[in-house]
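Build the full structure now, drawing on both the sequences and the hints.
One-letter residues, chain by chain:
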Amino acid sequence: MIETILISARTIDQGATLEEKTSQAYFDAAAYCELNEGNLEALGVSVDQNVKVATAHGVVVVPAKIDKRLPDDIVFIPMGPWANAIVDPDTCGCGMPGFKGVPATVEATADPVLNMKDLMATYKE
Amino acid sequence: MPVIKDVVCTFCGCLCDDLEVTVEDNKITKVGKACKLGRAKTMGMFLHERIEKPMIRKNGKDSELEECSYDEAITKAAEILVAAKRPISYGWCSTSCEAIEKAVVLAEETGSLFDSTANVCHGPSALATQEKGAPSCSLGTAKNYADLIIFWGCNPVHAHPRHQTRYSTMAKGAFTPNGKKDKKMIVVDPRNTDTAKKADLLLQLNPGTDYVLVEALRAIVNGHADVLPDEIAGIPKATVMEAAEMCKAAKFTVIYFGMGVTQTRGRYKSGDNVSSLVSDLSQTNKVVMIPMRGHYNVTGFGQVAAWEAGFPMALDFSRGVAYYNPGETGTNDVLMRREVDAFITGAADPGAHFPQESIKYLYKIPAIQVDGYANPTTEFSDVVIPAAIAGVECEGTAYRMDSQPIRMKKLIETTFKSDEEILTEIIAKVRELKGEGGA
Amino acid sequence: MAEMIIKNGVVYDPKNSVDGEKNEICIKDGKIVDNVGAGAKVLDAEGCLVMPGGVDGHTHCAGKINTARIMSPHDMRYSPIPGLSGPEPRTKLLRPQVGYNTPNTHAIGYRYSKLGYTTIAEAAITPMMARHMHEEFESIPILDKLALVLMGSNWQVMQYIQDGDSEMLKSYMAWALLASRGYGVKIVNPGGGSNWTWGKNVTGIDDKVIDFDVTPADILIGLAEANEALNLPHSIHVHCNNLGVPGNLPTTLDTMKLLERVKASQDRQVMHLTHMQFHSYTGTSWMDFASGSDQIADYINKHDHLTFDMGQMIFGPAMTMTADGPTEYRNARMFDAKWSNYDQELEDAGGIVPLAYTPQHFAHATMWSIGLELALLVKDPWKVMFTTDNPNGGAFVNYPEGQVLLMSDKKRQEVIAGFPDMTMDRISLPNIDRELDWGEMTVMTRSMPAKMLGLEEKGHLGAGADADVAIYDVKPDKVDVSVEHEAVKKALGFAKYTIKGGEIVVRDGDITALPKGKVYWVNAYENGIVQTEKDRLITDLEERFKKYYSMQFSNYMVEDAYVPRPVEVRPEVA
Amino acid sequence: MQTVTLTPKRSPVISIEAEMITPDVFAGKSDAEIGAIPAWEGNEEITLADVFDVAVDGSADAAGTKIIIDGNVPRVKRIGEAMTAGEIVVKGDVDMRCGALMSGGSITVEGNADSWVGREMTGGEILVKGNATYYAGGGYRGETCGMRGGKLTIEGDVLDYLGEHMCGGEILVKGNARLLPGVLNWSGTITIEGDTTLPGGEMKSGTIFVKGKVLEMLPSYKDEGTEEVDGVTYRKYTGDLSRNGEGVLYVSV
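Chains as they are written, first to last, in UniProt numbering: chain L, 1 to 125; chain P, 1 to 439; chain G, 1 to 574; chain A, 1 to 253.
In case anyone wonders, no lab produced these hints; they're calculated from the structure. Quick reminder that beta carbons are idealized off the backbone N, C-alpha and C, glycines included. Fair warning: there could be bad hints in the mix.
[To be verified] Examples of chain P residues lying across from chain A (beta carbon under 8 Å, computed):
#1 R86
#2 Y211
#3 A238
#4 G327
[To be verified] To list a few chain A residues with every Cβ distance to chain G over 10 Å, as calculated:
#5 S11
#6 G35
#7 N72
#8 E125
#9 Y140
#10 E227
#11 E228
Below you can see the structure in the form of structure tokens.
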């Protein structure tokens, strides 16, 4: 397990599939995380293997990818349902939840990645 | 082959208005000049599934959505809103200003909270404007004059792909005839992004330290470099000094800022302080700032809501006149507190873009969705009303990220009702239910 | 439409030489007529003051004000004038209202109507931003509107003046009015807006503009001559260089003298000078600054080629918004205030800064005095328009305050008594005892602005005029305004009746109906410019759009959809 | 002396807006009259009697009126708004904007206060025995000044933007203050007995004491050495030099 900071943000593929969020293309564009090579090695995880990213606000399982230029200990997940499963919902008195800069742990897992509908279904209380 | 020229792209806040769209047999078959995002938006609708029919869940969130008529769905929507004590209307950013005007009326007449997608993107930029103002310029001015471009917490290569060629680093302007050669570029980002690859200087700050970096830059500009420590926000002092020198050397600087500024620690206080940096620097040379708006007409929402009701977002009409206080009246504020009892959204997808806690609550209250496509919001919506796609299937006004309004074109015919028509019908039904006919 | 007759009112209609007479006013189909039938609805005005509907010839009411709104959530709760400011919930008829200096569009329409005003002129819009302004126009109920289009720092204008190409200049001006659906030509800090894009300014009418071989004087003369050659209904409308700068008096006098050489194409001024208060300062700094109103008034009393408006200051919070970008930046730095700026590609600049004026500060007290001095020292009311440069000098809901100040020396002296001593040797107001009468007040608030703008159907009550009428609960032959100024002020703030286009829109100070107003615009292009010149202009513009603009040429012009109730004015071709 | 006891009858989910709960409004009124005072629950106009059992003992002017809210009201906003005199005691939590714009009298909150407690107060005293959240003693959107006078004491912790835009008065936090206390302040004194982060951002003038740790310090303050104030030795910083500020930040050594 490593301790990281979560950042979520737009990517072009996530943007290009915004109007088809039920599709595989959107799933491929939004359901993953990126770490640098060193962080991934430290986890003993290879590309496309699943990791569990956890914050104080939730847990999500996504496949891992490499962004060589990422600094150490930052985990990036494209904006969308998978990132939002674990972002900080507190609006800090000004309306805006914490989509970036959330302390997160990352560890290898054998758990599967939920598709969009199954992920959403977990929110039924 | 009929080609429609100078079509307005309705994806991002760049609102490029030079697309060339080929329409054959009421289908869009080719989109010239667009980026990947614009092409997906403009012709994507023929590649994936629409919400074809209005739908209602008749037996709670666990039941399936069942097809119904527009009338039925609109009546149901009106009933939900009229019955609510604390309804909220959210979104209305990927649609026309004409539709947004109707959404304001609906919110007023149902005593709703009323908020835009700025709640999860540039809301803090509006708060910053309220603190310090908005020292800005039009994108054409930026193109013609700017010899230093700063991308702060934004990544146009991914989010605004044509920005650099049309308006910023690569654009040729009156005083920058050689484009890139006449311009310098600084990127401020904790990630070494694809945009940063071509930067002259990358300020790779620690996440959440934007405010600290602005403080240091202002201290330098105001003659207090001596007090700064050797490292600021994870960046060597010398590098920060170099950035300040580049700003002082430039004749015209534009700071484009994105959600890296608005969504991190300190929220609007960073953008607010950038605004003061702009003012400080402008004592010797011209500096302006422009927010990189995401939804193509989220700027328009702010404009319409401000002129119609006084505030750009997070309005609370519960007492018949708008009260405004993000942190209290923003969508995620009230969802987190679980204090609304009905939800209507259009031309936005809170299901995909809200934090988990907010969505958990949306599964508990009656929810209405007005949209062209099924998405995570559909999963918890009790009433789903399909809408025409503004800027493709119906015309109207949209505001670019620099607050420049442009008229969107209608490219093809459709049988779907527009957002404006749907809202107009819901308003009529609300009036009928409340016994407030006329007007 | 039903006919109406207003009886028993005391009517002021200076254009038609009616000065407080008990005339009947007949209305049919939204127009004033000579007679109506026996079945006409009778409105008994029982000794009340009757005037044409008010015309505000210079206000900032659409476009830039929206950025000011976004900057000012706190303004939305201010309510110094109950009934004309602050939050008011929706009613079955009315939309919610908020704000004081920057009210929402609906409040603007309601509150001007309550004041008895029926026509307003947005004073500064760039052609490129005109679409936005028209959207707000459409959202402002009741009132008729028109817009003045910024041309004083426009690249095309400066290029054609530099080239000495008066035909292209004329063609462009006519085209720009068409493109923006605008009414007249506005010049703000000529040349200064262009320089401001580099963070610089001009210091007088003979400075060179940085990127063009022209001076502010060249721009003023070029636009004025072209304006007259196009026979536009309004003259050029000028905000001089050096606004708000101590010692700006010579610049203002230079500008006035400069225009002596231009001949008017019709019976009106060749230049309207706006918010003159901000341009009438002697001295070299804020320490030795003083009123220069006597010199301005002296010049204007001796010359007939210009008109002006006051730009009267009202004490309290104000919101400054102007195309004068460098002035706003200077204000923001001076007061550590928030600052918005906008540089509009190729067209102009602009800024927005909130300020507050207080009678305890000698500079503000002096500025307040200058506005009144100007209006009182200039003898001919047909040269003076009443304004506060809303909301730069103060919010328009304070017009009754400003108006009674002109009518009551007593009230003026009461205010002056509270000024710091440092004010007294800077102003002449304490020695001016002129009190305007109702006829003069009608001129300054109705007849003069209508004539100045060339709006023939406004500002009077003769047959053919629009049936825009204001009736106040003031008995002109009984009231002594000098003494009873507070009661008169209240009456002017809440009209007994406001009639717009023949419809009663205000009754006893409350809104009763919400008709939509017209938008006046001037088409001097279609018939005014010959085809070969049109072709030459369009070829040049297409090239400029490709190179410099961020918008396609074909998407630039305001579409008909934004002006659903236009009144197209076509000047006679010379 | 008049004592008005409001006992909550229910636990609303939608916040009640009850800006009429002040000694100024209650003074001299009977329980029936107070019960009939309007409040808002979302878009529905209700009365105080819909939310509270009202018991009145005695009759007095505002200064002689004491309001006791005998229970937890975490969803009642604007208690004590703009009050000028008298006393309010809440035996539990309060919702947002408690004591906003108050100019006199006192409010005691025995539990926690939600955001904007003491917003724009100009006088009087507020004591929160538990925690407060955001913008304690802060300002309203767009306004230059927040708190202008009076005293705000919070015995527990606060979150971000404590005393934002402060133009006068006194704030004491006995616990920790999270991010940017005293941001953009012009005047007044803030004392934080616990820890805090980035105090005094863009402070123009005014004084901040931090008796705990500064977890992260702004780069734009000048270290002026140590100084003793009221028997405590502090490291003294001046700034915020990002805006040529002349504020003073004392951090306990």
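Against the structure, the hints come out as follows:
This hint holds: P:R86 has a C-beta 3 Å from the nearest C-beta of chain A, less than the 8 Å allowed. Look at P:Y211: its Cβ gets to within about 7 Å of chain A, closer than 8 Å, so that hint holds up. Taking 8 Å as the C-beta contact cut-off toward chain A, the hint placing P:A238 at the interface is violated, the least distance being around 14 Å. Hint status for P:G327 relative to chain A: holds, with the closest Cβ pair at about 6 Å, below 8 Å.
Every Cβ of chain G is farther than 10 Å from the Cβ of A:S11; the closest lies at roughly 28 Å, confirming the non-interface assignment. Every beta carbon of chain G lies more than 10 Å from that of A:G35, the smallest distance being close to 24 Å; the non-interface claim holds. Separation of A:N72 from chain G is adequate, the least Cβ-Cβ distance of about 30 Å exceeding the 10 Å criterion. The non-interface label for A:E125 is consistent with chain G: the shortest C-beta to C-beta separation is roughly 25 Å, beyond 10 Å.
Here A:Y140 does not stay apart from chain G, with its beta-carbon only about 6 Å from theirs, under the 10 Å limit. Every CB of chain G is more than 10 Å from the CB of A:E227 (nearest about 28 Å), matching its label as outside the interface. At roughly 33 Å, the least C-beta separation between A:E228 and chain G is larger than 10 Å, which holds for a residue marked as non-interface.
The earlier numbered hints that this structure contradicts are 3 and 9.
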